[in-house]
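Visitor: The lines below spell out each chain.
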Amino acid sequence: MTEVVEAGPSLRGARLRLSAALWRRPWLKAAGLLALPVLAFLVVYVGSLAALFVSSFWQVDAFTGKVVHDWTLDNFSTIIHDSVYRQIILRTILMAAAVTLTDAVLAFPLAFFMARIAPRRLRLVLFVLVLLPLWSSYLVRIYSWRLILAKNGALNWALNSIGLPDAGLAYTNTAMWIVFSYVWLPFMILPVYAALERIPQNYLEASGDLGARGWRTFRSVILPLALPGVIAGSIFTFSLTLGDFITPALVGGGKHNFIGNVVEEQIGINGNVPFAAALASVPVLVMGIYLVVAKRLGAFEAL
Amino acid sequence: MRGTRIGLAVWTVLVMAFLWIPILIIMVYAFNGSVLQTWPIESWTFHWFRVAWDEPEVRNSLWLSLKVGLAATAIALVLGSAASFAIHRFSFFGRESISFLLLLPIALPGIITGMALNSFYVFAGVSFSIWTIVIGHATFCVVVVYNNVLARLRRTSPSLVEASMDLGADGWQTFRYVIWPVLSTALIAGGLLAFALSFDEVIVTTFTAGAQTTLPIFILDNIQRGQQLPVVNAVVFVVILLTVIPVVISQRLTHDSGLLSSR
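Heads up: the protein sequence lines correspond to chains C and V, in order.
According to our numbering, the first sequence holds residues 111 to 413 in order.
According to our numbering, the second sequence holds residues 3 to 265 in order.
Treat the hints loosely; a few may be bogus.
Here are a few chain V residues that sit away from chain C, every Cβ distance over 12 Å (derived from the structure) [said to hold, decoys possible]: (1) G35; (2) P58; (3) N62; (4) W65; (5) S86; (6) F87; (7) R97; (8) N120; (9) S131; (10) I132; (11) S161; (12) D172; (13) I190; (14) T208.
Which chain V residues face chain C? A few, computed with CB under 7 Å, are given here [as the list claims (entries may be wrong)]: (15) V17; (16) P24; (17) L103; (18) A165; (19) G173; (20) Q253.
Bear in mind the hints are in silico, worked out from the structure with no lab data behind them.
Even for Gly, the Cβ is constructed at its ideal location relative to N, Cα and C.
In isolation and in its complexed conformation, chain V is listed as follows (with noise of 0.2 Å):
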């Protein structure tokens, strides 16, 4: 028993050390001094952020990003907590299958959603903007504050609310005092979790921002072409920061994963 304990928590290690080192790699190559990325890095330089803060292009896209991700956070927000309440509240016929479609953007690949959307913008004679790729995001963003607000919804009692109406409270008054603060951190949580998931996206982004420029499209488009990639290197650190601190805030709020809804 000691030595699978042991060989368990040896494996652990390994896997960990598997998982983190390409992170840590990535995130030492910003402050490279040369613009060879090999490795060992020889120099040492902070010189990168300077030069990617000053690329209009960097600007342009980080701030379509930010804009991207709060747009499709608010929509995920609205939609995802009144789909839980009601799946959490009332049995009704295909609310299985109302579940199910929610998952559905997670559950199949990426690029299918992309190509759909981007079918159906063609198809209904969208023209990309901003609003094409809000909408590309929003679909795998509900699903995860519906998973954060339907896990709390389930932990609560009931009862509660029910006092509340007894109490004489409208419906008003029974959200601002009884249901938003036992929500508000699940829905907080949410909210991080689907801006961090926004904020990252790649495939879909591709197939609906048409001309326009996201961070992760704009990294991708230079990893491919070989280009800036000093420049790349400095954004990606950013990116990592940006994504890290909201799971990290949300995983304090939660202690949910945000991908499991905990029963």
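Isolated chain C, as found in the complex (with noise of 0.2 Å):
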């Protein structure tokens, strides 16, 4: 009889010899369901990335405009020698790094509220304030930004009916810095009240048991521990900066170059694919350099 059974195309026998085959072997389950994703990933991804940097090394033809590929380093020595893209990449990574650090600053007592004080029901409420923005259109939020510094705006309209003069913040860099500053501070918000959130009670009672006062028990306890999340909140608005080109193209009014908006016209308008490549090679650099240094520091776990 049982012979029958097993010769018999019986496919719930087949589907379970197979399952008990895969849960003997975890490995083949292992490579069957990763294959996929990371095959996906790799061509696409890894392979394009790869493309890019490749391709940092060719140079346009100056009369055809098409990609010559001549392997050279004239884009690069360019980079460095040519002040104008000095000074463009020092800017970029000065407004990453101030909006990085205002972001901190406005984030970090939110999150505390949100995390140790506010009450459950509270709590829930203002996630979801700040999850909200997080996820809802940047291009709008930065869309809004222009009509409310434009010099019909609201923000002169707020400040003359107080009696104060216009601001004349449209189209500057200070301008681009709030802006900045504020599409990225939810991803500030969220990782620095994960990780205030996830500190024990009891070591702030420890704290004020061994004799420490508000301030020390802020400084010693708290911050040491909410450091990794600001560190991973970092990622992002320094990430997120260094890359953008619309906040400049929007707000910023074209004044003032960014690698961003430089590398979007190079490809955009001069079709100057290597030379955009190069360039783009130096976010990819720092954000390097700055993951390294963030793993070091933990804020991985806080991600």
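Hints in hand, dock the two standalone chains.
Guide: Here you go:
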């Protein structure tokens, strides 16, 4: 009897044997599950990054405008030696640093209030209020600031109505600093909140029992434990600022270039992919160093 | 201590106002009766929604954005959940680097992902189509599903699966009656977030769309040229709603941020 059953085309039997075989050999299942996503990612993503990197060593023929596959370091040497590009890189990195610092200062007290003081219901409400701007269109939020900061916008209206003169912020670096800080702020709040929420209450009590006052507890217990959260947030704020070209385009007015919009122009207007690729390797390099340092400081556990 | 609490509460209110006032202002502009985008708004109308709806360019880009969002979400669901199963269940050589690899598209600036895919397409001779956009969006949508499913798996006891196997269930039955009920809300939440992310993405899209126009590209083009701003405002209103609603639902399903994998 059993022979008949086994010889018969029993789908259920086959399925059972298959799942048993997979259960006995977990590596096989792991390979099967992972093969598809990893292959897709390797081919498309890493392959693309590699193609980008390789093309940064090529150049564009000045007459035909076509990419020539001659190996050269010209693009990199222009970026290093031309003071215009040095300034653009420096300006972008300084902006990213200023934005990161601003967001950390804005986010920390709020995250602390959310995590340690607000009652449960209020905490949930605040959490959603931070989450929604994070996921809602950042293009739209930048556009809103373009209207707010405009000469006849809401900011000047508010200032005038309390008797102050126009702010004159439209299309300035200050405007970009405000808008960058604004759009990336939720990316800072959430990791800091997560880090603060995880601090056990009895650590704070122990600190108090050992005679530490509020400030001392904050400096010696809360801050070190929250730091990985701040660094995790700073990965986002820093990286997003380094590569953005929408904010310079919409609220910066094109007077001062940033890495993002120069790269975008090189591709979109000049068609110079090799040079754009070489310039884009700057933020990759900066973020690479940043990620290594962040990993050392334990930020990945806070992500 | 009391003073500190009040100070923190006031700070929280101020930062929340900073976060929300611009969003409320841009939503109000959709009802602006004037073609000039000045403040305060003098007259009110629903007229621009009608105009936007009748505009073929708006309809086409809305349709393209919806299709791209759905396709990218579908790919993200398959790849993201497969990867999270594998990472959760097994430890193997290179496990950490796979997590890292999946995180890369959101850790690197969007312009890098966009340019990289752009040069890949040019390199491989792929002409721009809806699929070039979908692949671009899928790269950063995968990690959202991955984080959501992984967080759920970490909170689920592995003994549930073992018990199901011991009771004689095969792989499919275990999946259908044990794993799926536990994971379904995490998958739906991850999918909704992935859709919200794709629907309003603009940077990677710029580099992978060629001459096609998604809704965010339509918005960006018209803002930069200063054209059809009343129509743009109406479209913006709809975009905000279409991204806010999935996020609220996904939040109700998981209580996760979708960005951080809680463990």
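Visitor: For every hint, state whether the structure bears it out.
Guide: The hints, checked one at a time:
For G35 (chain V), the condition that its CB be more than 12 Å from all CB atoms of chain C holds, with the nearest at approximately 15 Å. In this structure P58 (chain V) is separated from chain C by more than 12 Å, as the shortest Cβ-Cβ distance comes to about 22 Å. Look at N62 (chain V): its CB is around 19 Å from the nearest CB on chain C, clear of 12 Å, so calling it non-interface holds up. At the 12 Å boundary, the C-beta of W65 (chain V) stays outside the reach of chain C, the nearest C-beta of that chain being 18 Å off.
For S86 (chain V), the non-interface assignment is contradicted: its Cβ lies about 9 Å from the closest Cβ of chain C, within the 12 Å cut-off. The non-interface label for F87 (chain V) is inconsistent with chain C: the shortest C-beta to C-beta separation is roughly 5 Å, within 12 Å. For R97 (chain V), the non-interface assignment is contradicted: its Cβ lies about 9 Å from the closest Cβ of chain C, within the 12 Å cut-off. Remark: the non-interface label on N120 (chain V) conflicts with the geometry, its nearest Cβ contact in chain C lying 7 Å away (cut-off 12 Å).
In this structure S131 (chain V) is separated from chain C by more than 12 Å, as the shortest Cβ-Cβ distance comes to about 15 Å. Taking the minimum C-beta to C-beta distance to chain C, about 16 Å, the non-interface status of I132 (chain V) holds against the 12 Å cut. With a closest Cβ-Cβ approach of about 14 Å to chain C, S161 (chain V) is found to remain outside the 12 Å limit, as its non-interface label requires. Not every CB of chain C is more than 12 Å from the CB of D172 (chain V) (nearest about 5 Å), against its label as outside the interface.
At roughly 15 Å from the closest C-beta of chain C, the C-beta of I190 (chain V) stays outside 12 Å, upholding its exclusion from the interface. Non-interface status of T208 (chain V) relative to chain C is broken: a Cβ of that chain comes within 12 Å, the nearest being about 7 Å off. Hint status for V17 (chain V): holds, given a least beta-carbon distance of 5 Å to chain C, under 7 Å. For P24 (chain V), the shortest C-beta to C-beta distance to chain C is roughly 4 Å, which falls under 7 Å, so the interface hint holds.
The criterion of a C-beta within 7 Å of any C-beta in chain C is met by L103 (chain V), whose closest approach is roughly 6 Å, and the hint holds. Hint on A165 (chain V) is violated. Least Cβ distance to chain C is approximately 14 Å, over the 7 Å limit. Evaluation of the G173 (chain V) hint against chain C yields a held restraint, the C-beta minimum of about 3 Å falling below 7 Å. Satisfaction of the interface hint for Q253 (chain V) is found here, the shortest Cβ-Cβ separation to chain C being roughly 6 Å, below the 7 Å cut-off.
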